[in-house]
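Undergrad: Taken in sequence, the protein lines are chains B and W.
Everything in the first sequence is counted per this note's numbering, starting at 36 for the first residue and increasing by one.
Everything in the second sequence is counted per this note's numbering, starting at 4 for the first residue and increasing by one.
FYI, nobody ran anything at the bench for these hints, they're computed from the structure.
Using N, Cα and C, we set each Cβ at its ideal position, and we do this for glycine too.
Just to be clear, a hint being listed does not mean it is correct.
As the list claims (entries may be wrong) - Where chain B lies over chain W, by a calculated footprint (3+ residues, C-beta under 8 Å):
hint: 1; segment: 142-148
hint: 2; segment: 151-165
hint: 3; segment: 268-277
hint: 4; segment: 391-403
hint: 5; segment: 411-422
To be verified - One-sided excerpt, in silico: chain B residues whose CB lies under 8 Å from chain W:
hint: 6; residue: M159
hint: 7; residue: A162
hint: 8; residue: I170
hint: 9; residue: Y173
hint: 10; residue: T174
hint: 11; residue: A180
hint: 12; residue: F359
hint: 13; residue: I371
hint: 14; residue: L378
Said to hold, decoys possible - Now the in silico label distances, taken between C-beta atoms and shown as ranges:
hint: 15; chain 1: W; residue 1: S188; chain 2: B; residue 2: M80; range: 52 to 62 Å
hint: 16; chain 1: W; residue 1: R296; chain 2: B; residue 2: F72; range: 53 to 63 Å
hint: 17; chain 1: B; residue 1: L147; chain 2: W; residue 2: K163; range: 23 to 33 Å
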Amino acid sequence: MTEANAKSMDTKRIAKKIGLPRLIIGSFFIFILISAFFLGIPMGMLTSDVIRRVGMNGILVLAMVPSIQSGTGPNFALPIGIVCGLLGLMISIELGFMGLMCILMAIFIATLAATIFGFFYGKMLNAVKGAEMTIATYTGFSVVALSSLAWIMIPFKNPNIGWFLGGGLRETVQLKAFGAAQVFDDFLKFNIGDLIIPTGLLLIFGFFCVIVWLFFQTKTGLAISAGGINPKFALVSGLNINKNRIIANIISTILGAIGIIVYAQCFGYAQLYTAPLMMAFPAVAAVLIGGATAKRASVSNVIIGVILFQGLLTTALPVANQVFAGTDLSDIMRMIIQNGIILYALTQVKGGAK
Amino acid sequence: MNDTMKNKLQNSNISTWIFDNMVTIVFIAFTVFGFLVSEGITFTFLVNELASRVFRNAFLVLSLIIPVLAGLGLNFGIVIGAMAGQMAIIIVRYFNIGGLKGLAICILLSLPLAILFGYFTGRLYNKTRGQEMIASLIVGFFADGIYQFIFLFAVGVLIKVPATHPLIKPDAIGLRTTIDMIPASEGGLGYVIDGIMRVPFVWAALVVAIGILALITFKYFKNKKATSVKSNKNMYMINVATCLLIIGISLYQIIIDGSLMIVKVPVVTGLLIIALCIFTERIMKTKLGQDLRSVGQSQHIAEVSGINVDRKRILAVIFSTVLAAWGQIIYLQNMGTLNTYGSHTQTGIFAVASLLVGGASISNASYKHALIGTLLFNSMFIMSPEIGKALFGQVLLGEYFRSFMVYGVIGVALGLYVWKTNKKSRKAI
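Work out the full structure, taking the sequences as your base and the hints as a guide.
TA: Take a look at the structure:
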């Protein structure tokens, strides 16, 4: 009697530890992988795609960790960081940098811009405590609209990024022309059969994961976490919560900026104008699928989440196309899963008083 | 000394008034500025565009008021109501029922759908207490996914439909991206409400202005005995002057048969909007309305005084969702085409921005805010591309500026409100 009971208790405990959403999405992922195998979709290519997409989106998801840990919730204003990143990239191209140097310079300029914007964004969040998520969303949207104005009005001279006629930048800028496409991906890239491993891309993602993890072991990092868990207690202990929240959001914005540069070099194109508008939501969804809550997140949540979410989306596309030709089922699935998981996380926040 | 004190008080009153109404003032200034710099826009064009836009959108904006008063904040989830309205229209168009009969079926069909959706979103808001606004935004995206699943996939794969039907894509899976409403006169739903009766705008303005003048005069003299506050008198004088001005302009236009006579407005749609204003105002005075209000003020106190808070909140959301469904039907019959996967997506954001421009906040809104806001918001909408063209020679610039205004106004209005409340409660954490 006891053994069976203990066993069921054990499975329950494990299920609880993994979390219901992760369990559902994980099994769905495995189900799709199995169907892909039986449908005869080349697994090597599929896995390569998954790995590439994980590396491509990883840092954008990582940007959620500091803001969640500091207590401001998931960074729904990620477009601020993204716009800074794109700005860095455009300036770097305009200055005539090529190849790896172009990307590194872009990261450098973007970090500067993101520090400034992140600082003011953090200041603003401190003024609107209690409604951070809604206001962050609209701040992000406004910044994207404002950046669209900037892309038209800033007098860039490089003919490869501007429209052929009239002023303003193109909607998508091809990075191949500057030798800046896949510079990280191609670093130490190797094949196992038809499985492609973009070593450089994974190294960059891993590098930033380690940096963020290390940062949260430092005094400042621990103080940020403490302020996020219990602001009253942290205040009494003499921590400057407002300052920590600003620092966390600067880091988050910087990660967003670097994240989009890594994304763009992998994708081969930088998408301007309204493209960043909705980019925060998949990143938020990924970290939540990885087991984070609106109040707590870790680097492991990011890694698990991005593999599950991006893996699912990448594999679902060919499978859905094979089974139901002509419908864009995978995008519909993305909308439902992505927003469903954010809603689930919101129901877990015990915030407002009744 | 007393005088200086009074002066100071008045000064701070003015500055707080400006601060409180900043969003509205910026919008008025923007519209006036736009009108001055743009060359292509005549006054008649502006009135014409504005009239059609206001009659189209006002009902949707009004549907936001009840949840605000019940403390749920701005319900971006009215997109789900809009979807309910569109589902009803799609069904009616599929079976090709037109005219007033089709409209009646639309209204009846959307009602249970909207009640059901409202119930579920209401339950969700109860689970995400304190974060209703972000939840309502996300639930709109979520519902959009399900909506697309139904109409792009389920219709055709799960429910077999003939590929020859004009609504269905040629491969027999999913609905076409645009659905022609077909004018009511040709057996469709287009302009089915607007087309019942149209009158020149100036006549409508004349009648409404005389009506308002009579109403405020009656109210003023009735209240005069009870309270005689000076500001009340000033307000009354301003209102009377505005009404007289409108009456004067209308009469002038009618007599000289001016260019404004071309602008026509739909009477029945206007009456529906007025009816909804009165309904919203009246229902807040009933027992139910009082309960909703006390839930909005303090859920805790309401709970203690025996109100079932969760149920009242769900009820408020159901009201909002049903009204939004009907609002979307009004909107679409005026548009003439249904953009199957796009018509509803911006509904929530535009309606919320309109209400906020009118001076509403997260916790307070009235039909006045909604009407003024719809007017100002849509003037901005018409003006933005013109300003972009006039100042920078690019229409596109004006369009990006427009989306900046939409998002910015929501961000700023919400931000200012939260900032003020936090400052008031001296929230350290």
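Undergrad: Checking against the hints above, which ones are violated?
TA: 3 and 17
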